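Dock chain B against the given chain A, drawing on the hints supplied.
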Amino acid sequence: MNEQEIKQQVIQLLKKIAPDTEPEKLTDTENVREVLMIDSFDYLRFIVALDERFGMQTPEEDYGQLKTLGSINVYVQKKGTHPSVKEQK
Amino acid sequence: MPSLGADMEDGTLREWLVKPGDDVRRGDIIAVVETQKGLIDIEVFNNGKIDKLLVTEDQKVPVGTVMALIIADAGVVSREIKSHPDAPNSHAIDLTKESTQKRRIKISPLARKMAAENNVDTESLKGSGEGGAITRADVEQAIANKEKPHSGISASPDSIRMAVAAAMSRSNREIPHYYLELRIDMSRSLDWLKELNKNRTSEKRVLPVVLLLKAVARALRDVPQLNAVWENGLQVKEDVNIGFVVALRTGGILIPAIRNADTKNVEEMMQALSDTIVRAREMKLRSSDLSDSTITVTSLGDNSAESVLGVIYPPQVALVGFGEITEQPWAENGMLGIRPVVVATLAADHRATDGSTGSHFLAAVRKYLQHPETL
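Line by line, the protein sequences are chains A and B.
So that you can map any letter, position 65 of the first sequence is 65 in this note's numbering, and since no number is skipped, the others follow by simple counting.
So that you can map any letter, position 371 of the second sequence is 371 in this note's numbering, and since no number is skipped, the others follow by simple counting.
The following block holds chain B by itself, in its conformation from the complex:
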């Protein structure tokens, strides 16, 4: 069971989309898991063949439980283990050499026939009969579970809020936060964007938030200590995966990841953002959307507050916030003018970095936003 964020303790397997013997490729969706954040598609992280499904449908298991065995293409059995809540970034595959001896299944002839007729995988069934034998009742139960409709199950705003609240309580308890803020003149960025969008049809236009995200991604290359997790010490991450806070209109937030944000150009970032926000709001996120974020960015957008002092999402060590871009009086070179201004804030973990690192980072964000052509 993968950890889909620090706030997740367990999940309920709702549906297997594969059966033993199926070939799977990296990125294939193999299962649907219900969490406090709704139904999440679970992707597989390597190529191979499904050997055994170890968790049955509608079974609730803690994060870290082995759900299936996959024979990797190389011929060894790779165990699809999922990370411990404290180690969400080390998740994925633990390659272990194991023999793949099949267990002999005890099953009554009637149950076997019913299972075959209804396409029920007896390997994944737990028998309730004598000596663990699979009975007709077990198969009937499995058929009933299969037929149970999954659509319509969606997380309530309350359950999403409670999941986030649990992670935030932990964050406030464990992480010594420090906060910094910097006002940034956005006129160059907005002028550049206006020019870029001028001759584009509406569906090709880029929003200011894309530049904010790009600037953060670039600045993290300059100050990598903030692109990290705290797990028995600071672990700086190579990939820049930005968790982007998406507010749901019905209440609550989801934080899907924009993966490899530093390598995306402006158009790719807009595309990734569009895709992710739409899926988040439709509650159609995948496991890869909710794991491996190395930093969180929250942008309040239009008609909102001027600044946000966030709570770090563990085990990350930093959260960057942007308020609404508003016109402000701006003094520069002894002159006073009116500029579009955004307040960028940083909440960071004092165990990992200190104010000078944080300041250096915010200054880098400003540098990129003032030279948007470099983004």
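The following block holds chain A by itself, in its conformation from the complex:
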């Protein structure tokens, strides 16, 4: 799975959690929570979905690394264990 594919998957997850927003319009450096107005509750749902989709276990202290589409992408490539991520490594 390349960077673009991961990004598409992340956007899909965001869209599922916040259907009335437009995550596809986010730039790689914008703060996802601020732009989409995602509260701590929906953010936790997003982390849960991310962990499930990419086979990760994101500890709370890593939340700071999951602020933008760009940083989420880097994190997923580093920590994701799902076969679809692995094959790229």
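Derived from the structure by calculation, the hints contain no laboratory data.
Note that the coordinates shown come from a computational prediction; the quantities given were computed from them, not determined experimentally.
Yeah, the Cβ is synthetic: ideal placement off N, Cα and C, and Gly gets one too.
Hints may contain errors.
Said to hold, decoys possible - What follows is a set of in silico ranges between Cβ atoms, one per label pair, in the way DEER data are often shown: (1) S169/B to E24/A: 55 to 61 Å; (2) L17/B to D20/A: 24 to 30 Å; (3) N119/B to T27/A: 51 to 57 Å; (4) V35/A to D239/B: 35 to 41 Å; (5) I338/B to V35/A: 26 to 32 Å; (6) N119/B to D20/A: 32 to 38 Å.
Said to hold, decoys possible - Cross-link-like lysine to aspartate or glutamate pairs, in silico, EDC-like; alpha carbons within 20 Å at most: (7) K126/B to E15/B; (8) K198/B to E61/A; (9) K16/A to D239/B; (10) K204/B to D51/A; (11) K15/A to E282/B; (12) K367/B to D262/B; (13) K194/B to E24/A; (14) K19/B to E9/B; (15) K25/A to D42/A; (16) K198/B to E181/B; (17) K67/A to D302/B; (18) K198/B to E130/B; (19) K7/A to E24/A; (20) K264/B to D239/B; (21) K194/B to D62/A; (22) K198/B to D51/A; (23) K204/B to E24/A; (24) K79/A to E203/B; (25) K198/B to E60/A; (26) K194/B to E60/A.
Okay, now just chain B, sitting in the frame of chain A:
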């Protein structure tokens, strides 16, 4: 028609999910009602058998209108009445002994045949023919209404805002508010939570707002005068049902209830909150979500203001607000340090309590937040 909050004056029955003769159990969803807050599932409050449906689909009726007769398991007819707007907490069932004589239905043979073929309940139809006889046109109308799709009906942010605004105007007009605020050091709570979450997978983690809600629920046990409604005087409530303010991304708020909040442990509270917030945001609330709240809590969460001075949701007598938890300079025991701090506020009804009761309550909230292991 149940009162689903002080802001509701009437509702439109969109769909019956039961028909006469059906057995119902407490908690079953028997109807869908459209309000200014969207489509709400209506639950039944006792076990029995549906005797008669009195309101037809797409009929708009005021709060308090009897919608159906249910024969309770004990054999009497219980009337599914719903509360008057001023008495939303006394709602549910009024048990009245009534004879259950069926009304003889006047209906033309053609209409009867059509009704039977299309599964239309003629008991619930109002005839427009001679002497109230049900005509073919009435049945056709009923079939058309049945087929009308209900999905896609959702309350607009404007209508939700207007409903809330009406309740808040009433609140400001009728309730003599007083306000208190207390800054609370959250370091113990957050440390405790960090430890709790450390070895948990993300889906089992607990958010700080759960501790805030738990602390409020516990403090209400210490100061029950704030867990109450004002209806011809103060009526303190036994159950602690916290109305939790959920902001909709499209605008407007909904206030579903976290029922029996004082009896839930931290995990149960997180579960109840997750379930309720998701359903609120998907506009899939049930009648029990929107009735019987005994106090309201609003937590602004991350990236927000430091404090909120709320407007009480009538007929409740108090609203508790929490701002964002932020790092603040904190002086204690002659030392200055940096602590995560939350500003807890209380808006309360001066007819019901005064500042000393309110202060006592906020101090209790602080006590619990500083001893999270007791929550």
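Here's how the hints hold up against the structure:
For the hinted restraint 55 to 61 Å between S169/B and E24/A, the CB-CB distance of approximately 40 Å leaves it violated. In this structure the hint that L17/B and D20/A lie 24 to 30 Å apart at CB holds, the actual value being about 28 Å. Hint check: N119/B to T27/A, Cβ distance near 54 Å, so the stated range 51 to 57 Å holds. At about 40 Å, the CB distance of V35/A to D239/B agrees with the hint of 35 to 41 Å.
Checked against the hint of 26 to 32 Å, the pair I338/B and V35/A passes, with Cβ atoms roughly 29 Å apart. The hinted window of 32 to 38 Å between N119/B and D20/A holds, with their beta carbons roughly 36 Å apart. Of the supplied pair hints, the one linking K126/B and E15/B holds, its CA atoms being roughly 16 Å apart against a limit of 20 Å. Under the criterion of a C-alpha separation no larger than 20 Å, the hint pairing K198/B with E61/A is consistent with the structure, at around 9 Å.
Straight-line distance between C-alpha atoms of K16/A and D239/B comes to about 35 Å, which puts the hinted pair past the 20 Å bound. Among the hinted pairs, K204/B with D51/A is consistent with the structure: their alpha-carbon atoms are about 12 Å apart, no more than 20 Å. A C-alpha spacing of about 13 Å is found between K15/A and E282/B, which places the hinted pair at or below 20 Å, so the restraint holds. For a cut-off of 20 Å, the pair hint linking K367/B to D262/B stands: about 16 Å separates their Cα positions.
For a cut-off of 20 Å, the pair hint linking K194/B to E24/A is broken: about 33 Å separates their Cα positions. In summary, the hint linking K19/B to E9/B is not supported, as the alpha carbons are separated by about 26 Å, beyond the 20 Å threshold. Distance check on the hinted pair: K25/A and D42/A sit about 19 Å apart at the alpha-carbon level, within 20 Å; holds. About 32 Å separates the Cα atoms of K198/B and E181/B, which puts this hinted pair outside 20 Å; it is violated.
Distance hint between K67/A and D302/B is fulfilled; the C-alpha atoms sit about 14 Å from each other, no more than 20 Å. Restraint check for K198/B and E130/B: not satisfied, since their Cα atoms lie roughly 74 Å apart, outside the 20 Å limit. Taking the CA atoms of K7/A and E24/A, the gap is about 9 Å. The hint holds against a cut of 20 Å. A distance of roughly 12 Å separates the Cα atoms of K264/B and D239/B; the hinted pair therefore holds under the 20 Å criterion.
A C-alpha spacing of about 13 Å is found between K194/B and D62/A, which places the hinted pair at or below 20 Å, so the restraint holds. Between the alpha carbons of K198/B and D51/A the distance comes to roughly 15 Å, so the proposed pair stays at or under 20 Å and holds. Between K204/B and E24/A the alpha-carbon distance is near 29 Å, which puts this suggested pair outside the 20 Å criterion. Among the hinted pairs, K79/A with E203/B is consistent with the structure: their alpha-carbon atoms are about 18 Å apart, no more than 20 Å.
Under the criterion of a C-alpha separation no larger than 20 Å, the hint pairing K198/B with E60/A is consistent with the structure, at around 7 Å. A distance of roughly 8 Å separates the Cα atoms of K194/B and E60/A; the hinted pair therefore holds under the 20 Å criterion.
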